[in-house]
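Line by line, the protein sequences are chains S and G. Our numbering puts the first residue of the first sequence at 1, with every later residue one more than the last. Our numbering puts the first residue of the second sequence at 325, with every later residue one more than the last.
Calculated directly from the structure, the hints in this document are not laboratory data. Every residue gets a Cβ at the ideal spot worked out from N, C-alpha and C, and that includes glycine. One or more of the hints may lead you astray.
Below, simulated DSSO-like cross-link-like pairs (lysine-lysine); rule was C-alpha separation at most 27 Å, straight line [what the hints assert, rightly or not]:
id : chain 1 : residue 1 : chain 2 : residue 2
1  : S       : 321       : G       : 473
2  : G       : 485       : S       : 309
3  : G       : 331       : G       : 410
Short, incomplete list of chain S residues facing chain G, as computed with Cβ under 7 Å [claimed, not checked]:
id : residue
4  : 83
5  : 87
6  : 208
7  : 210
8  : 212
9  : 290
10 : 293
11 : 305
12 : 312
13 : 316
14 : 318
Given next are the chains, with one letter for each unit.
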Amino acid sequence: MKQPLNINSNGILYRKDNTLKYTNKEVDKTIPIHAINEINCYGKVSLKSGAITLLQNEKIIVNSFNKYGHYQGSLYPKITLNSGTTIVKQALAYNNPDQRNYIAQEIVQGMKHNMRKTLMYYSKKGKNVTEYIEKIEKEPILNKNINQILSSEGKLWQHYYPAFNEITKNFPLKKREFRPPTNEMNALISFGNSLLYTTTLSEIYHTYLHPSISFLHEPRERRFSLACDIADIFKPIIVSRTIFKLVNTNMINKKSFKDDVGVYLTDKGRQKFIEEYNNKLKTTIKHPNLNKKVSYRYLIRLEGYKLIKHILNDKTYESFKAWW
Amino acid sequence: MINMILKESEITGVMVQYFKVCKRELWFYINQINMNYDNDDIEIGKLIHENSYKREKKEIRLENLVFDFVKNKNEIEIYEIKKSSKLTIGGSYQLYFYLWTLKKSNINAKGYLVYPKEKKKKLIELNNEIINELNEITQDIIEIAKQKKPPKPINKPYCKKCTYYELCMI
Numbered sequence: 001m002k003q004p005l006n007i008n009s010n011g012i013l014y015r016k017d018n019t020l021k022y023t024n025k026e027v028d029k030t031i032p033i034h035a036i037n038e039i040n041c042y043g044k045v046s047l048k049s050g051a052i053t054l055l056q057n058e059k060i061i062v063n064s065f066n067k068y069g070h071y072q073g074s075l076y077p078k079i080t081l082n083s084g085t086t087i088v089k090q091a092l093a094y095n096n097p098d099q100r101n102y103i104a105q106e107i108v109q110g111m112k113h114n115m116r117k118t119l120m121y122y123s124k125k126g127k128n129v130t131e132y133i134e135k136i137e138k139e140p141i142l143n144k145n146i147n148q149i150l151s152s153e154g155k156l157w158q159h160y161y162p163a164f165n166e167i168t169k170n171f172p173l174k175k176r177e178f179r180p181p182t183n184e185m186n187a188l189i190s191f192g193n194s195l196l197y198t199t200t201l202s203e204i205y206h207t208y209l210h211p212s213i214s215f216l217h218e219p220r221e222r223r224f225s226l227a228c229d230i231a232d233i234f235k236p237i238i239v240s241r242t243i244f245k246l247v248n249t250n251m252i253n254k255k256s257f258k259d260d261v262g263v264y265l266t267d268k269g270r271q272k273f274i275e276e277y278n279n280k281l282k283t284t285i286k287h288p289n290l291n292k293k294v295s296y297r298y299l300i301r302l303e304g305y306k307l308i309k310h311i312l313n314d315k316t317y318e319s320f321k322a323w324w
Numbered sequence: 325m326i327n328m329i330l331k332e333s334e335i336t337g338v339m340v341q342y343f344k345v346c347k348r349e350l351w352f353y354i355n356q357i358n359m360n361y362d363n364d365d366i367e368i369g370k371l372i373h374e375n376s377y378k379r380e381k382k383e384i385r386l387e388n389l390v391f392d393f394v395k396n397k398n399e400i401e402i403y404e405i406k407k408s409s410k411l412t413i414g415g416s417y418q419l420y421f422y423l424w425t426l427k428k429s430n431i432n433a434k435g436y437l438v439y440p441k442e443k444k445k446k447l448i449e450l451n452n453e454i455i456n457e458l459n460e461i462t463q464d465i466i467e468i469a470k471q472k473k474p475p476k477p478i479n480k481p482y483c484k485k486c487t488y489y490e491l492c493m494i
């Protein structure tokens, strides 16, 4: 199975014949290009033109993050999985309020279900989160128009995040804050969400969907907003679970953070996070429809396939709802 | 809404092959949704294709037809390289289609399906029954291209190895 390559140091990616190499003062190593599916750069990484060509030909996305772990952007290979029919129908589905609302509310339904599932898991482990589960269950998903759906989504996160204070006492969340995160838990959530965004973008690249045409989020946003749509469904199952594992087993503690213009993970802390996050993505579960084991990462790709089937009028979209 | 019009001259051997094996795959193929990436069997197939019959000139194009290679001794022989002889019906019809198209231009040719890995070779010859069937197949392909949504999945045993399996079953 192909793995993401994470580069935490500063260095240069270059091409030697048909091989990708990474070099800096300490190392000069060969990167097995057929064994990787994406490259995430957390240090200052320069790419030589030969390396860029090779990565584009091999269809490998390169994501870069700054020293705070903020996602900066991606080197996105040219779109080779190109189906005019799919893109036209994807755009038409966005433009048709009934279709768009259906998909958007289905995404929020999935998110809601997975929030509940995650909290139930910790409830069984003795965490006092019943109150939050009830709040989530009671929150209706209004779907007359996209603004109603978006406000339901916002409310669900408002019910969900305070439960974090019950699941771990180590890093109180208080309030969800972005750019810059003001405390440790906010830093973890932001970093985890940006990892999931890039993973989702890589998986969308391997479908025929256009990453800019989204349903829940507005395509006007600067980012590849379809990745934001799909990532939302998986945040509770992938990001939250990774965070709680890291924090509750003390793999990440006070020492894993630094204060700068906000609170951020140190290099070591970030590496631990990435390792645990990748372990989560590699975890497999038996899929009831496919009757075989699939990884969490592949579940994200399947979400893309389901959307294609919906927009092609093949099968009505049902968002991923953790069944275990 | 989009209405795909496929001309008869645009029909390819691969379309005829898909028609015999899976109409849903045919529809996806016509709509440029090709799932043949990221798959080891497909990679192996490509390697077999590249590494066998190296002395022959490969990929002979003739309008909408692509022959893997051609021999021209006493008569013209069209060759189609396949990885495995397990599912031959599609490959046979691909060749029938080539032979039939050539026949319409008064070229009589013979077809061979070859399996380099199994060291096997199968002769393919046209007959009237097949010609009638091909007439129907090409009309049916044009109809399938017009459909606004893909035909339903068939779920046959051979679906499990298909690169469209996840897209069909999810």
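Identify every previously stated hint that the structure contradicts and give their numbers, smallest first.
3, 5, 7, 8, 10, 13, 14
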